[in-house]
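Protein chains in written order, with the working numbering: chain H, 1 to 358; chain W, 1001 to 1361.
Hint data in this document are derived by calculation from the structure and do not stem from the laboratory.
Mixed in with the good hints there might be a few duds.
Across the chosen pairs, the derived CB separations fall in these ranges [stated by the list, open to error]: (1) W:A1199 <-> H:S241: 32 to 42 angstroms; (2) W:I1198 <-> H:A343: 55 to 65 angstroms; (3) H:G313 <-> W:A1032: 53 to 63 angstroms; (4) W:E1190 <-> H:D123: 46 to 56 angstroms; (5) W:W1050 <-> H:P109: 22 to 32 angstroms; (6) H:S314 <-> W:A1043: 31 to 41 angstroms; (7) H:S241 <-> W:I1198: 17 to 27 angstroms.
Cut-off 16 angstroms, straight-line C-alpha distance, at most; resulting in silico cross-link-like pairs (EDC-like, lysine to aspartate or glutamate) [said to hold, decoys possible]: (8) H:K120 <-> W:E1176; (9) H:K324 <-> H:E355; (10) H:K196 <-> W:E1161; (11) H:K176 <-> H:E302; (12) W:K1084 <-> W:E1235; (13) H:K120 <-> H:D276; (14) H:K151 <-> H:E206; (15) H:K107 <-> W:E1235; (16) H:K145 <-> H:D298.
Glycine included, each C-beta is placed from N, C-alpha and C at the ideal position.
Below, each chain spelled out in residue letters.
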Amino acid sequence: MKKRTFLAATLAATLATSAFADGHEPTKVGFIYVGPIGDGGWTYEHHQGLLAVEAEFGDKVETMYQENVPEGADAERAMTQMALQGADIIFTTSFGYMDPTINVAQKFPDVKFEHATGYKRADNVSTYSARFYEGRAVQGHIAGKMTKSNKIGYIASFPIPEVIRGINSAYIHAKKANPDVEMSVIWVYTWFDPAKEADAAKALIENGVDVVMQHTDSTAPQAAAAEAGGVVTFGQASDMSEYAPFPRVSSIIDNWAPYYIDRVRAVMDGTWESMDTWDGIAPGMVEIGEITDAVPADVKAEALALRDALSDGSYHAFTGPLNKQDGSPWLAEGETADDGTLAGMDFYVEGITGEIPN
Amino acid sequence: MIRLEQRAAPSRVWAYLTPLVAVLATMVAGGALFAALGTDPVAAIRTIFWDPVFGEFAFYYRGQLLVKAGPLILIAVGLALGFKAGIWNIGAEGQYIIGAICGAAVGLAFYPMEARWLIFPLMVVAGALGGFLWAMIPGVLRTKFNTNEILVSLLLVYVAEQILAWMALGPLRNPEGAGFPGSRNLRQYESAANNELIAGSGMHWGVVAAFVAVIFAYILLSKHLTGFHIRLTGESPRAARFAGVNPTRLVLFCLGVSGALAGLAGLFEVAGPSGQISIDFNVGYGFTAIIVAFLGRLHPVGILLAGLLMALTYIGGEAAQATLGLPAAAIQAFQGMLLFFLLGFDVLTNFRVRFGRRAMV
């Protein structure tokens, strides 16, 4: 029991020094990344957010990050390490960091935590995510118009609501643009694995797919499409403009910078509160990357109009009538999906073939 | 001219010395690498090797060393038994996964009943049994059909990973998890949790099991007939046959024990530090343990030290990333150097370096 008290005291002392450091000390900001900062996708964009925080606050902040952190016990250590080193706020940027974030946050009540794409919060844990499905709607529209074989492929990572939402949104809008469209989904069970992503892209292309969408973070599918020729792709998480104007005809860009700057400022001002943020195109968290000239002008105009409608709120990406895959009604004519259903989405909409792995 | 001359017998001195020389060479070469990346090499080496044990936050890191070293040692001790006898279980990662799944499944089956005296021991048995049975597949295939256990055990890792994904998404998924993959958190279930025995110490049942395994393996190898058979088979398979060693039994024993220990490591990890079955629950302990086994000269005590050293490079490496901004790839290269130099300097155990011309015979 003595030992426990000693450890608790040491921990508390460390916390105290970090929490009550005087105003001249820079605010320490930590980032935990699931991939390498050079992945060209998800982690790359979070790292751009870190750089934006540095640019905004200069020497008033001190940043640190750790890349390639596995989701699980190692993540807990990485966060603890940053908290011990006096981090004031730590951004944990992958879904799998959810439980570790909550666990570490309990031990460091004075450190603020921000967990991306999760659903567990605490007094010192906020969650944040982007409405990527809005961007998927725009992509889906372009995909439906661009496909000649009427076959669209989708490289999916893990069957979690975020990914399923994207598939549904892309499918709904592809179907609207082109009623003959079919979509095949391949699950690769990874966020970042260029070899697996390339294999999935090749398999789809061999099956006659001529538009490949991806919910994985590397540019390998883009390279596979470029090699096959005549296959359209979209940048994911990051612009991936090195593959523009073709095969990459547009992209979804995650722009975390404004959010990160806001939250770091809130810590500096002492106004930070635990909250749940889910922003879309309107506040700029989701951006549609440049639509290249490979897309016909009328399609481009429609896509931009769709983007603007999503942005000003006149259109919701999930608007009825929509049925679930089994044919049961989900949304009536004109009805839009509520955030609760979207947050826990575990079903396909009608028309998608195949099953969500279970 | 430099040439190598085979020693009549492997040098005992060098057998003990090479790991130390390899560590020193890694520090020098790694330091050069870090310097080339623009980081102060002395600070980097200190962050990796010194700070976790003696630095400001050592009270936390020391416990983490045990958490990280525990599964490595537990798995490596089992592997070393087989490696000594020339039986190559490369699939400990798969046995680790299956052990974790079996153990977690037993625990979750009882949820939310509270009966720690019953549930936790059952989970331990299930974990060991799961790993054991998974290792029996290459074992039986080798003894019945003479297949290569290296390939079979390795490929079964990928099968195990698929089963893991299926379990996390299907049968073991947390029904209250809003559709997200991953099981309930066993750490929040009193009867199944493998929490630290003393808070902040890092000491959990898996670490205890690792220490016990080291002691048992030491006794087995030095005092027991089976241990003698293992060593004899490794050194001279023909002599072993004359001495009445039953190769079938030995293969099954070595694979079974290493599988059971890997399964135990998986169970202790899933019920403790990791907490839940998730799609990417495994982080490569089963493969790293192979390095640990060789770094420790296939000797139980050596493995204990090698496991701690390996854990140190992981934890110190992470610290160096966060505090010095070293890229993750540099740390991995650094760990790779360790094995590279170990194998390189190993030459000195069996060969003598001679300078000058070979004498004419």
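Quick rundown of the hints versus the structure:
1. W:A1199 <-> H:S241: 32 to 42 angstroms: violated (51 angstroms)
2. W:I1198 <-> H:A343: 55 to 65 angstroms: Given a distance of about 40 angstroms, which is not inside 55 to 65 angstroms, the answer is violated.
3. H:G313 <-> W:A1032: 53 to 63 angstroms: This hint holds: roughly 58 angstroms between Cβ atoms.
4. W:E1190 <-> H:D123: 46 to 56 angstroms: violated (24 angstroms)
5. W:W1050 <-> H:P109: 22 to 32 angstroms: holds (30 angstroms)
6. H:S314 <-> W:A1043: 31 to 41 angstroms: Distance hint for H:S314, W:A1043 is violated at roughly 57 angstroms.
7. H:S241 <-> W:I1198: 17 to 27 angstroms: violated (54 angstroms)
8. H:K120 <-> W:E1176: holds (12 angstroms)
9. H:K324 <-> H:E355: holds (12 angstroms)
10. H:K196 <-> W:E1161: Between H:K196 and W:E1161 the Cα gap is close to 14 angstroms, so the pair holds against 16 angstroms.
11. H:K176 <-> H:E302: holds (12 angstroms)
12. W:K1084 <-> W:E1235: Given pair W:K1084, W:E1235 holds - Cα atoms ~8 angstroms apart, limit 16 angstroms.
13. H:K120 <-> H:D276: Status holds; Cα separation ~10 angstroms.
14. H:K151 <-> H:E206: Within the cut-off at roughly 11 angstroms; holds.
15. H:K107 <-> W:E1235: Violated. H:K107 to W:E1235 sits at ~52 angstroms, over the 16 angstroms cutoff.
16. H:K145 <-> H:D298: holds (10 angstroms)
Consistency with the previously given hints fails for numbers 1, 2, 4, 6, 7, 15, ordered from lowest to highest.
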